[in-house]
Structure formats: C-alpha cells, structure tokens
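**Q** Okay, so the sequence shown: first residue is 9 according to our numbering, each after it adds one.
Check before you lean on any hint, since a few could be wrong.
[What the hints assert, rightly or not] Label pairs and their computed distance ranges (CB to CB):
1. S105 to L15: 29 to 35 Å
2. L119 to E35: 18 to 24 Å
3. S105 to E42: 16 to 22 Å
4. M99 to D77: 37 to 43 Å
5. D122 to D62: 25 to 31 Å
6. S103 to R124: 34 to 40 Å
7. I82 to C30: 17 to 23 Å
8. S105 to V128: 21 to 27 Å
9. G102 to G123: 34 to 40 Å
10. R52 to G123: 18 to 24 Å
11. S103 to I82: 19 to 25 Å
Quick caveat, the hints were computed from the structure, so don't treat them as lab data.
Note that beta-carbon positions come from the ideal geometry of N, C-alpha and C, so glycine has one too.
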Amino acid sequence: MRTRCVLTPAETMSAIRDMWQCGRVDEAAAYFAENGVLLVEPDRQAVGRVAIGDGLRELASRLRFLVVDDRVVIQRGNIALYHARWTARYMIDGSPSTEEVSGTTADVLALQADGRWMAVVSNPWGGNILDE
Numbered sequence: 009m010r011t012r013c014v015l016t017p018a019e020t021m022s023a024i025r026d027m028w029q030c031g032r033v034d035e036a037a038a039y040f041a042e043n044g045v046l047l048v049e050p051d052r053q054a055v056g057r058v059a060i061g062d063g064l065r066e067l068a069s070r071l072r073f074l075v076v077d078d079r080v081v082i083q084r085g086n087i088a089l090y091h092a093r094w095t096a097r098y099m100i101d102g103s104p105s106t107e108e109v110s111g112t113t114a115d116v117l118a119l120q121a122d123g124r125w126m127a128v129v130s131n132p133w134g135g136n137i138l139d140e
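From just these sequences and the hints, can you work out the full model?
**A** This is the structure in structure tokens:
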C-alpha cells in the first residue's frame with residue numbers, strides 16, 4: 009500500500025518554519041514557488057528561491073521563534089491564504105536575547121499541478137508592513 013505524502017497549506021508553512029529553524033534554509037526555500045517572494049523586512053523583498061534562501065539565513069541570524077500558533081487557512085480552489093501568530097526572540101551574538109517581538113503572518117500559497125502547495129508570497133510581518 010502506497011501512502012501519498014502531500015502537505016496541506018498549513019503543513020507546508022510549518023515545514024518551511026521547521027527547516028528554517030534547523031538551519032536547513034535551502035530545503036525551506038524549496039517550498040517556495042520558483043518566483044516566490046519573502047518579505048525579509050516590511051520594506052524589503054527577496055524574490056526567487058536563491059534570494060529567499062539568503063533572506064531566511066538573514067532572518068535566522070536575527071530571530072529565533074518561540075511560539076507559532078492560532079493558525080487560520082482560507083482556501084478557495086488552488087489558492088490559500090495562511091495566517092499564524094508568532095512570537096520570537098532577537099538573536100544577539102548567536103544567542104536568544106530576552107527581548108521578544110511578535111506578529112501575524114500573511115502568506116499566500118498556490119496548489120501546483122503535482123499536488124504540492126508552494127508558498128508564493130510569505131509575509132511574516134503581516135499588517136505591520138502598513139506601519140513602515
């Protein structure tokens with residue numbers, strides 16, 4: 009009996025976060041569409057998998073996630089909007105500080121022809137980009 013291992017939109021975003029947290033940024037970037045976008049900062053985008061990998065490395069050097077919860081997925085056909093609340097600590101000299109930052113993501117995923125969900129736009133800052 010064969011088991012089909014296709015991730016849901018929420019599982020795809022969790023896989024990206026888990027790989028990123030383990031330092032496996034190239035594997036995390038592979039879950040993005042070829043021309044996907046990651047907002048590294050509210051006013052700075054990384055476009056394409058190579059740039060997304062670099063952006064994830066940069067984020068990993070600055071933030072360590074503590075909690076990601078309250079996930080919501082709104083799906084219609086082959087498009088999904090994913091939101092999750094997160095809390096992280098800033099990294100100082102490679103160690104988590106006591107200073108926390110939090111936000112709510114706004115991520116768009118698209119269902120591919122092979123059945124995989126891929127991140128098209130990942131905005132960890134959510135509505136906070138309006139404050140910039």
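**Q** Please go over all the hints and tell whether each is borne out by the structure.
**A** Status of the hints after comparison with the structure:
At roughly 32 Å, the beta carbons of S105 and L15 sit within the given window of 29 to 35 Å. Distance hint for L119 and E35: a CB-CB separation of about 20 Å, consistent with the stated range 18 to 24 Å. Judged by the Cβ atoms, the range 16 to 22 Å given for S105 and E42 is violated: they are separated by roughly 35 Å. At about 21 Å, the beta-carbon gap between M99 and D77 misses the expected band of 37 to 43 Å.
For the pair D122 and D62, the supplied restraint of 25 to 31 Å holds, since their beta-carbon distance comes to about 26 Å. Hint check: S103 to R124, Cβ distance near 36 Å, so the stated range 34 to 40 Å holds. Distance hint check: the CB atoms of I82 and C30 are about 28 Å apart, inconsistent with the given range 17 to 23 Å. Between S105 and V128 the CB atoms are about 32 Å apart, so this pair departs from the stated range of 21 to 27 Å.
G102 and G123 have their C-beta atoms about 39 Å apart, which keeps the hinted 34 to 40 Å range intact. Distance hint for R52 and G123: a CB-CB separation of about 32 Å, inconsistent with the stated range 18 to 24 Å. At roughly 37 Å, the beta carbons of S103 and I82 sit outside the given window of 19 to 25 Å.
Comparing the model with each numbered hint stated earlier shows that hints 3, 4, 7, 8, 10 and 11 do not hold.
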